[in-house]
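Student: Once you've looked at the hints, go ahead and assemble the two chains, each given alone in its own frame, into the complex.
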Amino acid sequence: MILEGKQRIWSEYQKDIPDDHWYYVRSCIRQNFFPASERMFTHIVKDVLGKDLYETPHHTTCGGIAYHCDTIPQETAMTIVARQFALMTEAGYENYCPSCITSFGNYAEILETWREYPELEARIREDLWKACRREFKKPRYLAHSSDLIFHWRGEIARLAKKRLMDVRTGQPLRIVEHIGCHYAKMFPSKGVGGAEYPYVLAGMVESWGGQVIDYPERRHCCGYGFRQYHVKANRGYSLSNTYKKFESMEPYHPDAIVTNCPGCPYFLDRWQYVIASQTGKTYGENGHGIPVLTYEELAGLVLGYDPWDLGLQLHQVAVEPLLDKMGVEYDPKAKYLGLNKEDLMRPELPTQIKCY
Amino acid sequence: MTDFGFKLSKSSTIDLSRVELDRFEELCRQEPGAKVCIGCGSCTASCPAGRLSGMSVRKVLLGLQRGQKVNDMLQCCMLCGKCTMVCPRGINTRNLILTICRIYD
Numbered sequence: 001m002i003l004e005g006k007q008r009i010w011s012e013y014q015k016d017i018p019d020d021h022w023y024y025v026r027s028c029i030r031q032n033f034f035p036a037s038e039r040m041f042t043h044i045v046k047d048v049l050g051k052d053l054y055e056t057p058h059h060t061t062c063g064g065i066a067y068h069c070d071t072i073p074q075e076t077a078m079t080i081v082a083r084q085f086a087l088m089t090e091a092g093y094e095n096y097c098p099s100c101i102t103s104f105g106n107y108a109e110i111l112e113t114w115r116e117y118p119e120l121e122a123r124i125r126e127d128l129w130k131a132c133r134r135e136f137k138k139p140r141y142l143a144h145s146s147d148l149i150f151h152w153r154g155e156i157a158r159l160a161k162k163r164l165m166d167v168r169t170g171q172p173l174r175i176v177e178h179i180g181c182h183y184a185k186m187f188p189s190k191g192v193g194g195a196e197y198p199y200v201l202a203g204m205v206e207s208w209g210g211q212v213i214d215y216p217e218r219r220h221c222c223g224y225g226f227r228q229y230h231v232k233a234n235r236g237y238s239l240s241n242t243y244k245k246f247e248s249m250e251p252y253h254p255d256a257i258v259t260n261c262p263g264c265p266y267f268l269d270r271w272q273y274v275i276a277s278q279t280g281k282t283y284g285e286n287g288h289g290i291p292v293l294t295y296e297e298l299a300g301l302v303l304g305y306d307p308w309d310l311g312l313q314l315h316q317v318a319v320e321p322l323l324d325k326m327g328v329e330y331d332p333k334a335k336y337l338g339l340n341k342e343d344l345m346r347p348e349l350p351t352q353i354k355c356y
Numbered sequence: 001m002t003d004f005g006f007k008l009s010k011s012s013t014i015d016l017s018r019v020e021l022d023r024f025e026e027l028c029r030q031e032p033g034a035k036v037c038i039g040c041g042s043c044t045a046s047c048p049a050g051r052l053s054g055m056s057v058r059k060v061l062l063g064l065q066r067g068q069k070v071n072d073m074l075q076c077c078m079l080c081g082k083c084t085m086v087c088p089r090g091i092n093t094r095n096l097i098l099t100i101c102r103i104y105d
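These protein sequence lines are chains V and P, in that order. This note's numbering numbers the first residue of the first sequence as 1 and each following residue consecutively. This note's numbering numbers the first residue of the second sequence as 1 and each following residue consecutively.
Derived from the structure by calculation, the hints contain no laboratory data. Wrong hints could be hidden among the right ones.
Sample of chain P residues lacking proximity to chain V, with all beta carbon distances greater than 12 Å (derived) [what the hints assert, rightly or not]: (1) D3; (2) F6; (3) D22; (4) R23; (5) E25; (6) G41; (7) S42; (8) S53; (9) Q65; (10) M78; (11) G81; (12) V86; (13) N92; (14) T99.
A few chain P residues facing chain V, derived, Cβ under 8 Å [stated by the list, open to error]: (15) G5; (16) S11; (17) C80.
These figures come from a predicted structure and were not determined experimentally. Idealized CB from N, CA, C, for every residue including glycine.
So here's chain P without its partners, still in its complex pose (with noise of 0.2 Å):
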C-alpha cells in the first residue's frame, strides 16, 4: 500500500436498516425513559464523574440507538443520582444506567 500522506477515513455514515436493536428494544421496555430522552446533555452536564472520566449519558444513550458498542464509561458511574434530579424528561437515569449494564454486560 503507497503512503501518500493521508488516506481515506472511515465513513461516519449509520446505516440503521443494518443496526442489531434487539437489546436496546428490551432496554426501552425495561426503562421506557430511554425512549423519551431527547439528547439536552442536562445529565452529562450536572455529571460529578462526567468532569473526571469523561463519563457522559447522553454520548452512552445515543451509542445505544445507533447500535454501537458501549464501552466501560458507566463503570464510572457513582449512582449519585444529580442526573436524575436535573433531567426536564424525568427520566429515571439511575435505573436507566442499571439496566443498560444488566442487559449490556
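Chain V extracted, bound-state conformation (with noise of 0.2 Å):
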C-alpha cells in the first residue's frame, strides 16, 4: 500500500476535537468509584489548560445504565438527553463532552437515530416542551472526555513532572489500555482510531514516554456489560470475561491498565480481588494485582499529583508497585487520610492479593 493511501485511510478514522468552550456532564458512578478523576479533569482542563469548561450542577443522569438494562424505553432516554441538550443551548454552548463512555455512546446512538429519523426526533422536540418547557439545538461536536486529554496529551506532556518510565531501568513502562466497548464499537465514526484502530488511551500512553501492549484479547469487553454485572444470576459471566482478559495479558507483565470507561476500571480492579479469593491467582509482580487507572489518574500522576490526592488508595488493587517504578513520591502513611487530613479509615485487607 502506498504511503499517501495509508494516510487517507488514517485521515478517514480521525475526528474533530474543537481546542475550547466545552460544556461537560458528568458520569452518574465514577465519582463513587474513582472520586478524584472528573475534579482532575476539570482541574486541567480549567485551571492547568486554561480551556472553557462548563458544567452545571442541574444536568441529571442520561438514562444509558437504565437503558442498557432494559428498565427504560429509547424514547425516555432521548427524552432525558434532549434535556440535557437544552441546559447546554441555554448556556449557549455547542460542543458536548460527557465524561461517562455509556453516556457517549448514548449521545452518538440518540444523534444517529434522529438524523434516520427526523419525525421521532420532532416528537421528542415536542415531548421535551410539554415537560419542561424547554428547547434545544443539537451538539455541533460530541466529544468524550478522553477525547480531550487525547487531543491536549502534547500540553500534558510538556508539563509533565513524571514520565510513564521505570525509573530504576530508564524501560517506558508497559502499559495496557482498554477501551470502553460504547465508545467506538457502535459507531466507529465517534471515536479516534475508530473501532479497529481506538487509539485514543494509546496516544497518551505513547505522548507520555509509555509503551502499549498488544495482546489477544485487547479488545474484548472488561466484563461488565450492565445486564451481565447488574442480574446477579449472570455475574459469574462478568467475572469470566474479565479473567479472560487477565489470563491473555498476563504473559506480557503489564505494569498498569489504563482505561476510559466508568465500568471499565472499577471491574478490572475490583475483579482482581475476587479472582484471588477465588482461585489464588494474582497478576502482578510479588503477589500484587495489576494497578487499574482512569486516564485522568494517569495523567494527574504525570503532572506529579500526590496521588492519595487522585484518590488511588481507593482502588483495590494497591497501586504502590506503579508508583515506585515511576518514582512518584508519597506517603504511605497518609494513605488513608482525605481531604483535610481526616481519617477515612483503614480498610479490611484481603489476604490473597497483597494491598496496604
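Tutor: Set out below in C-alpha cells:
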C-alpha cells in the first residue's frame, strides 16, 4: 500500500475536536468509584490548560444505564438527553463533552437515530416542551472527555513532571489500554481511530513515555456489560470475561492498565480481588495485582499530583508498585487520610492479593 | 475460597491446536462420510431415539471433531437407518455410528 493511501485511510479514522469551549456532563457512577477523576479532569482543563469548560449542577443522568439494562425505552432516554442538550443550549455552548463512555455511546446513538428518523426527533422535541418547556439545539461536536485529554496530550506531556518510565531501569512502562465498548464499537466514526484502531488511550500512553501492550484479547469487553453484572445470576459471566482478559495479558507482564470508561476500571480493579479470592491467582509482581487507572488519574500522576489526592487509595489493587516504578513520592502513612487530613479509616485488607 | 454467590465459569474456548485428533482421522479413513457432514441436523431431527434419549449424531460428530469425549449417547441408537435416508450429503450414518463405536470403544 502506498503511503498516501495509508494516510488517506487513517484520516478517515480521525475526528474533529475543537480546542476550547466545552459543555461538560459528569458520570452517574464515576465519582463513587474513582472520586478524584472528574475533579482532576476539570482542574487540568480549566486551571492547568486554561480552557473554557462549563458544567451545571442541573444536569441529570443520561438514562444510559437504565436503557442498557432494558428498564426504560429509548424514547425516555431520548427525552432525558434532549433536556441535557437544552441545558447546553441555554448555557450558550455547542460542544458537548460527557465524562462517561456509556453516555457518549448513548448520545451518539440518539443523534444518529434522530438523523435517520427526523419525525422521532420532532416528537421528542414536543415531549420535552410539554414536560418542562425547554427547547434545544443539537451539539455541533460530541467528544468524550478522553478525546479532550487525547487532544491536549502533547501539552500535558510538555508540563509533565513524571514520565511513564521505570526510573530504576530507564525502560518505558508496559501499559495495557482498555477502551470502553460504547466508545467506538457502536459508531466507529465517533471515536479516534474507529473501532479497529482506537488510538485515544494509546496516544496518551505513547506521548507520556509508556509502551502500549498489544495482546490477543485487547478489544474484549471488561466483563461489565450491564445485564451481566446487574443480574446476580449472570455475575459469574461478567467475572469470566475479566478473567479471560487477564489470562490473555498476563504473559506480557503489564505494569498498569489505563481505561476511559466508568465500568471498565472498576471491574478490572475489583475483579482482581475476586479472582484472587476464588483461585488464589494474582497477575502483578510478588502477589500484587495490576494497578488499573483512569486516564485522568494517569494524567494526574504524570503532572506530578499526590497519588492520595488523586484518590488512588480507593482502588482495590495496590498502586504502590506502579508509583515506585514511576518514581512518584508518596507518604504511606497518609494513604488513608482524606481532604483536610480527615481519617478515612483503614479498610480490611484481603489475604490473597497484596494490598497496603 | 470465598463464596461470593457467583463464580468463574470454565472457558468454552476450544484450542484445536491442543486437541488429539488421531482417532478422528482414523474414523475419517474408515468412513469418509465423517468429513463431509455439514452439521445440518437432519439426522437428529429424524432420529426416533433422539426424542426419548437425547441421542444426536450431529452432536457426537461435532464433539469428535473438537476432540471432546463422546458420551454413551450412541448406545441408544437402534440402527433403524432413518438418518441415512434423510442425510443431504448421502453419508452412510449407520456405518458411521458403528465405526465410531468401534474406534472410540
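Student: With reference to the structure, classify each hint as holding or not holding.
Tutor: The hints, checked one at a time:
1. D3: violated (9 Å)
2. F6: violated (4 Å)
3. D22: holds (28 Å)
4. R23: holds (29 Å)
5. E25: Nearest chain V Cβ is 28 Å from E25(P), so the label holds.
6. G41: Holds: least Cβ distance 27 Å, greater than 12 Å.
7. S42: Holds, because the least Cβ-Cβ distance between S42(P) and chain V comes to about 33 Å, which exceeds 12 Å.
8. S53: holds (30 Å)
9. Q65: holds (23 Å)
10. M78: At roughly 39 Å from the nearest Cβ of chain V, M78(P) sits farther out than 12 Å, so the non-interface label holds.
11. G81: holds (42 Å)
12. V86: The claim holds: V86(P) sits with its nearest Cβ about 37 Å from chain V, beyond 12 Å.
13. N92: Per Cβ check, N92(P) is outside 12 Å of chain V; nearest 41 Å; holds.
14. T99: holds (37 Å)
15. G5: holds (6 Å)
16. S11: holds (7 Å)
17. C80: Nearest chain V Cβ about 40 Å off; hint violated.
Going down the numbered hints, you'll see the structure goes against 1, 2 and 17, while the others check out.
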